[in-house]
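K.L.:
The hints should help you fit chain R onto chain C, whose structure is shown.
Residue-level listing of the chains:
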Amino acid sequence: MKILLVDDDPVFQDILTHSLRALGHEDLTRASSAAEALTTLQSQTSPFDCILLDIQMPGMDGVSLCHILRGLPEYRRAPIVMVTSLSAKRFIDDAFAAGATDYVTKPIDRLDLKARIGMVERLVEERLHVELLTRQAGRRNEAAHADVAFESAIHIPEFDRGIELLALENYLPTLGRKGTLSMSAFAIHVENANVIYGKASRAAFVDMLSDVGLMISDALKTDDVHLAYAGAGNFVGVTSKGLSASPEEISATIELGLADFESFYSSQRLPTPRVRVGPLCRSPMFSLGNPTRILDRAIQLVMHRSGRPAHAA
Amino acid sequence: MQHEISAVAGRTSAALKSESVPVELLPARQRFRDLVVERILTLESLRIRVSNRQEPRAALSAIVALSHKIAGVAGTLGYVSAGNLAASVERAYRDQAELKLPLNDLWSLIEPRVLALMDELEALLDE
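Quick note, the sequences are listed as chains C and R, same order. The first sequence begins at 1 in the working numbering and counts up by one. The second sequence begins at 1001 in the working numbering and counts up by one.
Not one of these hints is a red herring.
Restricting the straight-line Cα-Cα distance to at most 30 Å, the calculated cross-link-like pairs of lysine-lysine (DSS-like) are:
#1 LYS221(C) <-> LYS241(C)
#2 LYS2(C) <-> LYS114(C)
#3 LYS1100(R) <-> LYS89(C)
#4 LYS241(C) <-> LYS1100(R)
#5 LYS178(C) <-> LYS1100(R)
Partial pick of chain R residues on the chain C-facing surface, computed with a CB cut under 10 Å:
#6 PHE1032
#7 LEU1035
#8 ALA1065
#9 GLY1072
#10 VAL1073
#11 ALA1087
Rather than coming from a laboratory, the hints here were simulated on the basis of the structure. For clarity, every value in this text was computed on a predicted model and none was experimentally measured. All C-beta atoms in this analysis are idealised placements derived from N, C-alpha and C, irrespective of residue type, glycine included.
One chain only, chain C, in its complex shape (with noise of 0.2 Å):
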């Protein structure tokens, strides 16, 4: 794995460098600034798979960083990890805005950046098989998700304000128990959703959720809110504040503006997505599990609503 780590402190690019080292990791870059990493990519024949970011540095600080990423196609997807000492929420917050894949805080434990460089290892990992796929199809968008289940939490393309749910699961627990138990989470659930997928070429599906996920994105463009796709046409997001309207004006909301889009599903005769937006749940108090259980359930509550039995997120 190609791995270019960003930190201005000379000993912890020594930790991090003999550390990634012991893993196995040889095919390491290192960059002291935001400007010589951009520099670095420049001038690289092949892509980093992985990119390790402090967030605190002189110059352009890391989030900064990020988000220009985020902006290249060859990094839009790649992960990115912030390997940080700042632990306040408005950081982790920022950060995963940005598009981080994951917040590692300093100093760095042993046992977990093993167990975040194996995540990052799995991911670029099944980024490379969909790279094959597309390949060896040669048609780009229908080969990307050629083989897209309805349940897979895929990468929905335009969906500027959602982030991967791999990301959102590492958002929660990088918040503390404090910050988590301050959380609500809720789901938006696209009714007939199977329908259309049943119906639908698998790059007509993508569309569907990109459509979908534009019009949460702008009923929701008031809230501080995460947002994710979870699979089986379910969106989840979180909330540290709440939402400044009720489930059903939202889902009014979203699905006025999907009545834009009516003519164009007809004329592939496709149903318009119908969605329905569930109420917010919190995590409950003295729950000792995986704080991204919060998900699960904000997606019961919503299928609950919906009459129907819960996909697994």
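P.N.:
Showing chain R alone in chain C's frame:
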């Protein structure tokens, strides 16, 4: 205050200063040790600048930035006390800066922590 800072560090300077680290981190630990003198001198010159009110806000920010760096690595390299003291400098600054405390009050809270950190770093040189 000294008592509180010792509690933050979890031990006194005279106590055991370092813990064992994985063998692959020994080069990083050596690099940290090589930088200790430079960092003590930098902290001291910045401390004097704040005390003498020579661009004190900028000097204080530089102290916090350097403490941030030390806090991020010292624990991993077995220097837990130095890491905790550096983190306490950074935490005190961030907590109090949000309350917009006057510089004098802020500095009176932070300076003892900076001095304790410098003492702890100096003690590492005796290892």
